[in-house]
Amino acid sequence: MEAPGESTDFPGPQSTSLLDLDGPADDGAWQCRDRKDRVLLGGTVQALGGGMVLIGDLALGAELLGGGVLLEEALLLLVSRVRSRERTCWMGIAPEVELTPALREALERNGFVPPGPGSVFPTHENAPLLMGGRPPVLIAYVERPQPGFPPPRPRLSMWSEPGTSATPVPGLE
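Okay, so the sequence shown: first residue is 2 according to our numbering, each after it adds one.
Calculated from the structure, these hints are not laboratory results. Be careful, since some hints might not be right.
Label pairs and their computed distance ranges (CB to CB) [said to hold, decoys possible]:
hint : residue 1 : residue 2 : range
1    : E126      : G57       : 18 to 28 Å
2    : G51       : D27       : 16 to 26 Å
3    : D27       : A60       : 18 to 28 Å
4    : G57       : P102      : 13 to 23 Å
Given the structure is predicted, the values throughout are model-derived calculations rather than measurements. Ideal placement from N, C-alpha and C gives every residue a C-beta, glycine not left out.
With the hints as extra help, turn the sequences into a complete structure.
Below you can see the structure in the form of structure tokens.
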């Protein structure tokens with residue numbers, strides 16, 4: 002049995018060979034930096050209770066303005082860090098956040114979608130339409146899929162064309 006505020010599954014990576022996440026601090030501020038100590042992505046998070054977290058004030062560093070794998074990894078680190086500290090089922094983007102096309106694409110590749118009746122999540126729960134009394138721009142279910150739901154499909158941007166795959170490693174099937 003898990004204690005309140007704890008998850009039994011691994012929350013995800015806390016750093017990568019290229020990135021490190023500072024925070025979130027007590028005020029919710031966080032920054033993702035590369036190994037040259039350049040801020041690549043930053044913002045705030047606010048725990049709303051009931052397993053919901055609102056992401057606000059997202060800002061891209063110059064190195065990530067065009068998007069790419071590092072931006073997706075930075076977002077994954079944020080989700081992982083928040084999940085490691087607090088029981089989190091849903092994360093939403095605050096309505097006042099203006100998303101660049103690259104940031105919107107990276108969020109969507111990480112499972113964030115516009116809230117509404119057409120949105121599908123790997124849970125029997127309905128997605129909250131309001132977070133902190135306001136509708137989020139995008140929302141994601143960040144817990145493990147519930148029984149009866151398939152695991153999420155990998156959404157990798159490193160492949161140049163849809164349907165392409167990595168070269169198979171001999172001996173692995």
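Tested hints:
1. Remark: the range hint 18 to 28 Å for E126 to G57 is upheld by a beta-carbon distance near 23 Å.
2. Checked against the hint of 16 to 26 Å, the C-beta distance between G51 and D27 comes to roughly 21 Å, which is consistent with it.
3. Taking the beta carbon of each, D27 and A60 are about 20 Å apart, inside 18 to 28 Å as hinted.
4. A hinted range of 13 to 23 Å holds for the C-beta pair G57 and P102, which are about 19 Å apart.
Against the hints set out earlier in the document, no violation occurs for any number.
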